[in-house]
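If you read the protein sequences in the order shown, they are chains A and B. Residues are numbered in my numbering as their position in the first sequence, beginning at 1, plus a constant of 886. Residues are numbered in my numbering as their position in the second sequence, beginning at 1, plus a constant of 226.
One or more of the hints may lead you astray.
[As the list claims (entries may be wrong)] Taking beta-carbon pairs under 7 angstroms as the criterion, some of the chain B residues facing chain A (in silico):
{"hint": "1", "residue": "SER258"}
{"hint": "2", "residue": "LEU272"}
{"hint": "3", "residue": "LYS324"}
[Stated by the list, open to error] Taking lysine to aspartate or glutamate pairs in the DMTMM-like style, the calculated list, with each CA pair at most 25 angstroms apart, reads:
{"hint": "4", "chain 1": "B", "residue 1": "LYS271", "chain 2": "A", "residue 2": "GLU914"}
{"hint": "5", "chain 1": "B", "residue 1": "LYS268", "chain 2": "A", "residue 2": "ASP949"}
{"hint": "6", "chain 1": "B", "residue 1": "LYS271", "chain 2": "A", "residue 2": "ASP949"}
{"hint": "7", "chain 1": "B", "residue 1": "LYS268", "chain 2": "A", "residue 2": "ASP893"}
{"hint": "8", "chain 1": "A", "residue 1": "LYS943", "chain 2": "B", "residue 2": "GLU229"}
{"hint": "9", "chain 1": "B", "residue 1": "LYS324", "chain 2": "A", "residue 2": "GLU991"}
{"hint": "10", "chain 1": "B", "residue 1": "LYS324", "chain 2": "A", "residue 2": "GLU914"}
{"hint": "11", "chain 1": "B", "residue 1": "LYS271", "chain 2": "A", "residue 2": "GLU969"}
{"hint": "12", "chain 1": "B", "residue 1": "LYS305", "chain 2": "A", "residue 2": "GLU942"}
{"hint": "13", "chain 1": "A", "residue 1": "LYS897", "chain 2": "B", "residue 2": "GLU229"}
{"hint": "14", "chain 1": "B", "residue 1": "LYS228", "chain 2": "A", "residue 2": "ASP910"}
Derived from the structure by calculation, the hints contain no laboratory data. Owing to the predicted nature of the structure, the values given are computational and were not obtained by experimental measurement. By construction, the Cβ of each residue, glycine as well, lies at the ideal position given by its N, Cα and C atoms.
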Amino acid sequence: DTGVSQDPRHKITKRGQNVTFRCDPISEHNRLYWYRQTLGQGPEFLTYFQNEAQLEKSRLLSDRFSAERPKGSFSTLEIQRTEQGDSAMYLCASSLELGQGNFYEQYFGPGTRLTVT
Amino acid sequence: RKEVEQDPGPFNVPEGATVAFNCTYSNSASQSFFWYRQDCRKEPKLLMSVYSSGNEDGRFTAQLNRASQYISLLIRDSKLSDSATYLCVVIPNTGFQKLVFGTGTRLLVSP
């Protein structure tokens, strides 16, 4: 399977614990995006990377959240001191963007569903 | 006010029916528009791009009205397999391709 993969698919954790999610983008894709989706809502942008550089972060990304993309390949999203409000589906997407002015499709992974109890 | 607004539905229609979804967006400088489809507990997938001139892909027709900041999707001859959530998506003029999603409209097609 050469699509975007995410691990784990499901995570149940207790409030206050730290969790880390991994995203493996489509090979050669230079851009990687993280979104969060809560029940009954559309996905919301969290952050994105151009290769290894994190170029934009949403206000939704509090200081308890950190994302990395070492070497410009896979990415991790860590949530420290989880809260019940962090319960959501965390989606990763990747794209190969060759310049400005055109739309480059973002391919989504299956997501990691986080439940904070 | 949300950047992209949609009627959440659900829209319950029989097979063969024609159904239309609408959405509005608040940022007049938005540059690109799309419809995504999301099946239950699955990831969103691009259905089609939306242009001012309108575009058609089989049974699906999408239309953009920039003056009214309004996007539509028409599905003709509905199939059971069309049951899903349809997400209206806008790329604002932010300099990068951040997708802004509406809440989605749920469609249920019954036999």
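Results for each hint:
| no. | hint | result |
| --- | --- | --- |
| 1 | SER258 | 5 angstroms, holds |
| 2 | LEU272 | 6 angstroms, holds |
| 3 | LYS324 | 5 angstroms, holds |
| 4 | LYS271(B) <-> GLU914(A) | 20 angstroms, holds |
| 5 | LYS268(B) <-> ASP949(A) | 28 angstroms, violated |
| 6 | LYS271(B) <-> ASP949(A) | 30 angstroms, violated |
| 7 | LYS268(B) <-> ASP893(A) | 15 angstroms, holds |
| 8 | LYS943(A) <-> GLU229(B) | 18 angstroms, holds |
| 9 | LYS324(B) <-> GLU991(A) | 11 angstroms, holds |
| 10 | LYS324(B) <-> GLU914(A) | 20 angstroms, holds |
| 11 | LYS271(B) <-> GLU969(A) | 29 angstroms, violated |
| 12 | LYS305(B) <-> GLU942(A) | 40 angstroms, violated |
| 13 | LYS897(A) <-> GLU229(B) | 30 angstroms, violated |
| 14 | LYS228(B) <-> ASP910(A) | 31 angstroms, violated |
The structure is inconsistent with the numbered hints 5, 6, 11, 12, 13, 14, although it conforms to all the rest.
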